[in-house]
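*Asks:* On the provided structure of chain V, position chain B as indicated by the hints.
There are 2 protein chains.
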Amino acid sequence: MDGASQETQKAVKWYPPAYDVRVERVPVPVIEHPDDVIVKIQLSGLCGSDLHVYRGHEGVEKEHIGGHEFVGTVVSMGSSFRPDAVGRPELYSTLKVGDKVVSPFTVSCGECHYCRVGFTCRCTRSILFGTPTLPGGQAQFIRVPWAGGTLFKVDSIAVPSADGSIPHLTNSSLLLMADILPTGAFAALQALQHVKNAPMLTAVPYPFNGYMPNILSAGKPLPLPLEDRILTFAVIGLGPVGVCAAVSLVDMLEDIVQSTRIPYRVVTVDPNESRRDKMQKIATNLSLSQLGTIRVADIPEATQVVGEWTAGIGCNAVLEIVGNNSALSLSYDLVQPFGLISSVGVLQEPPLPFNGRQMFDKNVSFDFGRCPVRSMLPIAAKILLNRQNVFGDVGGECSLIDRVVSLDEAVKSYELFDKGMCGKILFDPWI
Amino acid sequence: MDGASQETQKAVKWYPPAYDVRVERVPVPVIEHPDDVIVKIQLSGLCGSDLHVYRGHEGVEKEHIGGHEFVGTVVSMGSSFRPDAVGRPELYSTLKVGDKVVSPFTVSCGECHYCRVGFTCRCTRSILFGTPTLPGGQAQFIRVPWAGGTLFKVDSIAVPSADGSIPHLTNSSLLLMADILPTGAFAALQALQHVKNAPMLTAVPYPFNGYMPNILSAGKPLPLPLEDRILTFAVIGLGPVGVCAAVSLVDMLEDIVQSTRIPYRVVTVDPNESRRDKMQKIATNLSLSQLGTIRVADIPEATQVVGEWTAGIGCNAVLEIVGNNSALSLSYDLVQPFGLISSVGVLQEPPLPFNGRQMFDKNVSFDFGRCPVRSMLPIAAKILLNRQNVFGDVGGECSLIDRVVSLDEAVKSYELFDKGMCGKILFDPWI
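As you go down the protein sequences, you meet chains V and B in turn. Mapping to UniProt numbering: the first sequence position 8 is 8, numbers consecutive. Mapping to UniProt numbering: the second sequence position 165 is 165, numbers consecutive.
The following block holds chain V by itself, in its conformation from the complex (with noise of 0.2 Å):
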């Protein structure tokens, strides 16, 4: 029960302190426990996180297989898996060797309290992949534990055709499901769902939307009319999550304009030249429909922007997706009163750049925090399938995705990647 197997496998492990990443034979995974499964990997991540634990900013203290984000296929599972595992996560008693997988970045049981809610971030079972406590997806083979409560079946999106490869999603794209695509999603998700916004979706005035229909009766409100109702977005950083994110507003904002009308508008905020260039390129093959509108900005022009579309009003909702100062005080002077904050980035240390009296004055909301990415799954799912135009793509002038190598070369990937002189790297373990 050691983990240690006769066969051996290819894997890139990282050794203190750091700048020191080496490509090893190490012994391939076996189950360790009845809740596990063991994948074959297709496609494994470099991640810009992987690099604090190269530059040994994290405190890390041990070698091992670093890589956080993998697809696969299910080489073998453990006995919990079985037809007739039922009252515990689906995949338990569906899985099969052979399926396609693709996993969020820690493991969720699928069976804690907050993982049955929906905050499957806060599992109380979550464990990193790439760490020394859970080797991670730079190998060929991967274990996961708690899979049936931490996998996603790829099938789930698409049928399979014959030859077992699944229409319209490629290797890499899936790749974008361990962390940025659901990220992304997440942010724009809870834009749309936080109910100052819901006015606009329903058409019935605040605060008669939510939860509560006998509360809610009490008000007879007049149905709002179409100009009260458009929709005016910021996503404030285009880095690939911010790209993500912005791909995934416009693609739920396409869904809801089908049935209400709306027009919405979406301007996309980065100083980074070579950002906007890309997020241009991707806004051009998003195909809007006449009701959406998508503008790219550096900050100057962004204000700008928001001002002339909303009469100085300001944005439903600007999405954060930096995780700094800078960020959050550009996001508070574009929002409207009572608009959201929704803050995906990685926030640090320095104290908020806000006083309460700004709070309270502009009836500001604010959710922050991490993406809860297992239960995102399935909406960052039909989001993938109906954006391959842009996350399908390699190397080109959309890509998320700078070049797929081997293992063999993941020393020199890691160097590059460092020194900020390639994109995203994705590792093939079979070539």
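No lab work stands behind these hints: they were computed from the structure. Quick caveat: nothing in here was measured; it's all calculated off a predicted structure. The beta-carbon is built from N, C-alpha and C at its ideal position, and this holds for glycine as well. Careful: at least some of the hints might be erroneous.
[To be verified] Mimicking SDA-like on lysine to any residue, the simulated pairs with C-alpha atoms at most 20 Å apart in a straight line are: (1) B:K220 to V:P132; (2) B:K220 to V:H113; (3) V:K362 to B:I127; (4) V:K62 to V:H113.
[To be verified] Chain V side only, calculated, beta carbon under 10 Å to chain B, not exhaustive: (5) A18; (6) H57; (7) M252.
[Unchecked claim] To spell it out: a stretch of chain B is covered by chain V in this simulated footprint if at least three of its residues, at any positions, have a beta carbon under 8 Å from a beta carbon of chain V; those stretches are: (8) 99 to 113; (9) 201 to 207.
*Replies:* Chain B in isolation, oriented as in the chain V frame:
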């Protein structure tokens, strides 16, 4: 058209620079604009925020009639009020002389974008009663501008009996409708409307609640068992608004448990013993169902109780009714990951006492700011009617109103109230 009249009335006028109020004869107000209504006042209030002006802290430079809380009957209406005034707020076509009305403490036109959407405290024509711009309610008559948008007909709550009185609604309780009851109800409603609390109300796990059926149909999550749906709240601050928030929250929760059978727990918190004593007496009168628990606690006890109730997880929402950083910090300590802080306290200039990492790590949500009183009135009215055993009382052990006096006692009343030597005082201008 200068508001002058041959007739005179008794009124309380404030004079600069400070601590100078006088009871005087002034002209009875007249209709100045087609949208005006003149209300004959039955009761008006002396509010804590009147003291800011009284003490000269608001920079007001001109004498004026004070007060922004009143209940009364319509005695005359401008020419806009007529049966064929369709397409305007309903009262323009339905209000009649003799109707009993209440009013928010500010005017809201009912016709600008903010009013239509329901964010009435942001009305572009908003004016505060009891200022040099708009004479207040501490008088025998008052002029209400944009009255078809501003006023609320009491008989929309309950049908008057043969003698014209409204069953079960005392005038002193109706006075709470100007501000404190809707503000308390707003704090409670925000807590129950937030999408992160929707899983408990609907049994549908996050993120599959909201206002986008197509998008949310991507998931088919299992319904939540009752054990995951137990609701826990804290109400911080037990002044008059805090009491209204606690009673509103319990009233809403009792309505919810009728259909859902969800157990709930509310801890109400104040360091001040006399406020806790009052809240305890009110709590005893609330006649909860067996599914409800309400506790009154000081700060250390509240922390302990929430820990015990929730196994250390924390509250689904905290209602912050104080408006300072101690209350905000306590709110953060008591709220659970993915929980909401519903802050209606009038926050001041100090920076928020949080850093970004705390926000991210706990997935905190906030709804800050002022109550849109006019749009909350239908819901507040339902609570007022349900809880007359608490709100209908004057001078009793549950009452939020200390006494009702003549306008002739205004000078002494301001003095006593300023010195904290009495509770809330109302004026009956006809005694």
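*Asks:* Given the hinted pair V:K362 and B:I127, is their Cα-Cα distance within 20 Å?
*Replies:* Holds, at roughly 17 Å.
*Asks:* Against chain B, with CB atoms and a cut of 10 Å, does the hint on V:H57 hold up?
*Replies:* Violated: closest Cβ of chain B sits about 15 Å from V:H57, beyond 10 Å.
*Asks:* Can you confirm whether chain V covers the segment 99 to 113 of chain B, using C-beta to C-beta distances below 8 Å and requiring at least three such residues?
*Replies:* violated (count 1)
*Asks:* Regarding the hint that V:A18 lies at the interface with chain B, is the smallest CB-CB distance below 10 Å?
*Replies:* 23 Å, violated
*Asks:* Holds or violated: V:M252 as interface residue toward chain B, Cβ cutoff 10 Å?
*Replies:* Holds. Min distance 5 Å.
*Asks:* Between the alpha carbons of B:K220 and V:P132, is the straight-line distance 20 Å or under?
*Replies:* Status violated; Cα separation ~35 Å.
*Asks:* Does the segment 201 to 207 of chain B contain three or more residues whose Cβ lies closer than 8 Å to a Cβ of chain V?
*Replies:* holds (count 5)
*Asks:* Measure nothing beyond the straight line between the CA atoms of V:K62 and V:H113; if it is 20 Å or shorter, mark the hint as holding.
*Replies:* 32 Å, violated
*Asks:* Can you confirm whether the C-alpha distance between B:K220 and V:H113 stays at or below 20 Å?
*Replies:* 18 Å, holds
The structure does not agree with the numbered hints 1, 4, 5, 6 and 8 stated previously, though it agrees with the rest.
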